[in-house]
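These are the residues of each chain, in order.
There are 2 protein chains.
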Amino acid sequence: MSAFRSIEWLESGAVRMLDQRRLPLETVYHEYGAAVAVADAIRAMVIRGAPAIGAAAAYGLALTAVHTAVSDVVSLRAELADSAERLRRSRPTAVNLFGAIDRVMARALDDALATVAALQTAVLDEARAIAAEDVQTNRQIGLNALPLIPDTATIIHHCNTGSLATVDYGTALGIIRTAHEQGKKVHVLVDETRPRLQGGRLTAWELQQQGIPFQVIADGASGHFMRRRGVDLCVVGADRVAANGDTANKIGTYNLAVVAHENKVPFYVAAPLTTIDFATQTGDEIEIEERPSREITHIRDCQITPDGAEAANPAFDVTPAGYITAIITEKGVAYPPFAESLARLRGE
Amino acid sequence: MSAFRSIEWLESGAVRMLDQRRLPLETVYHEYGAAVAVADAIRAMVIRGAPAIGAAAAYGLALTAVHTAVSDVVSLRAELADSAERLRRSRPTAVNLFGAIDRVMARALDDALATVAALQTAVLDEARAIAAEDVQTNRQIGLNALPLIPDTATIIHHCNTGSLATVDYGTALGIIRTAHEQGKKVHVLVDETRPRLQGGRLTAWELQQQGIPFQVIADGASGHFMRRRGVDLCVVGADRVAANGDTANKIGTYNLAVVAHENKVPFYVAAPLTTIDFATQTGDEIEIEERPSREITHIRDCQITPDGAEAANPAFDVTPAGYITAIITEKGVAYPPFAESLARLRGE
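These protein sequence lines are chains Z and S, in that order.
Letter by letter, the first sequence follows residues -17 to 330 of the working numbering.
Letter by letter, the second sequence follows residues -17 to 330 of the working numbering.
In case anyone wonders, no lab produced these hints; they're calculated from the structure.
Among these hints, one or two may not hold up.
It does not matter which identical chain is used: a pair holds within one copy or between any two.
Said to hold, decoys possible - SDA-like mimics (lysine to any residue), calculated; alpha carbons at most 20 angstroms apart, straight line:
no., residue 1, residue 2
1, K313, S323
2, K246, Q191
3, K167, A88
4, K166, P132
5, K313, I270
6, K246, P302
7, K246, E61
8, K167, E(-7)
9, K167, P129
10, K167, L125
11, K167, Q118
12, K246, G304
13, K313, E115
14, K167, A294
15, K166, P129
16, K246, P129
Given only the sequences and the hints, what does the whole structure look like? Please build it.
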């Protein structure tokens, strides 16, 4: 387990999160006592990463349950529904957020839960289960990917998909970690991942803690390294995978996938089944969050662009399935055509 | 003409440069009185952009000539050769630097120059001619490109290629400026261009001054915009074009070219013939400058990565000719196969 946790439930009835905006230079934790505060934290990217924000939303609902002042289940369900709405509106792209909320709310609607105390326990248990399963899932993804990683591998990774992006262990970074722990000689080229620099700030930090060799690179340099140095594979996470395998992930992923394809470098998406959105048929339907221009015009408080310069800041892009070599899930590795292979894994 | 000059010769016998590291938030000029200081300024990127550093090197040699204490041409030629060596070592990739130095040195070797005074005048005149021709060349490039720009055009631009990158007017940015001045409705998506952010800092500044609409984007976002918004063309400059059209340019150019190719977006290289290196057959032979890691780990004084994090910082990449739709020079537009078309333009 990592020495740090992106998110934890405290027995006092609070949610504790590591502030990922302040990493790597400062390690700051916040505690939250209400769902609306958790929604704000998700929107502000105190916590980020699709599985992590799913767990955060689940815990946000647990806060509503645990701190309620009402004395009947109908009123508590109404409060939970209201919190669920606020949490759903925090960020639009990652399906895990909606999946976790839906799962907790489905549990809350169980007629067998006849008292507030029973409902509180059920909601908190469901949130804990979501968190625990995420860790288990991530470890399995790492094991399923192992045969795909050469004994000596130069790997390009984008954004952050590690213990910070999940409850623990990570997805794409979990694959890298598992390979390293199993004795493979991996070297990671870390896309710094503008604008929020989750690669340069967070992934570099995690790899450093795990003693895995890496170099941070500018996002635009990936193709150069593929041609001039040689890259064995790219591995990325996902925020939402459509039923056909089209994958929405941090902006810059699509560029990386196209360049990898052109250079015949395998391109893998690591995604728990909770990230696959079987209700969405193709990537064209996936909503791409637009975030504030300031993330482009400034880096922290350093202003980059001239006063008044305009910027455009889509936070995600969609990689069409045709550029993806395989999608690695906890149930196994899916190969094209993904509509069939993903559905088969889900069915198992 | 622009209100600012990247570089000027002052009659007092000094070279004045705008400090491009400080833009856009501060407009600071430096004056240089010796070639070695000019070489340092080129290396530190006080001035950057292939044509601009070519002019800087030529003026550096003029400083050596003008401030010499020797009284015979043989000694002055030796001093010039020494300065030329220092200037050649400032940065390895842009051919204009070497072309300008070679041109001034060839002029200096003219036996007809029998006195120090004559040699001083000749060297300074050659440097001035290099500078004046650059501006003329850039205007012509803009005119030659005009038929290629739709009346309404969304254009992706990389790095900075404007008045700051040249003596004035610019190459790829000059094309955009000409189109705008001729009444075309252009909108520029400005690759911010990590690590040095010449796009976000310098290109945004120049476009703002010229009243040309733009938005700064993260380098990794270009493909997303091509797919989701629609882009009419990409235009970039060049630091060195091989005889076969392979083009070395600011890191990130190759990624952009591959993504453009995949999306059937025309990809144009704007380059004066002084940027074509007919002695270099292919891009594989072009040396790619590696710059300090700090340009990746820090943005100005803001540290991004954890203490001790490693980074890799190639400053350029090579775009194979197959991804380039056309190379626009002052003598006309070259289409593939470039070995023939570029040679033909040179011959004219």
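Would you list, in rising numerical order, the hints stated earlier that this structure does not obey? 2, 3, 5, 7, 8 and 11
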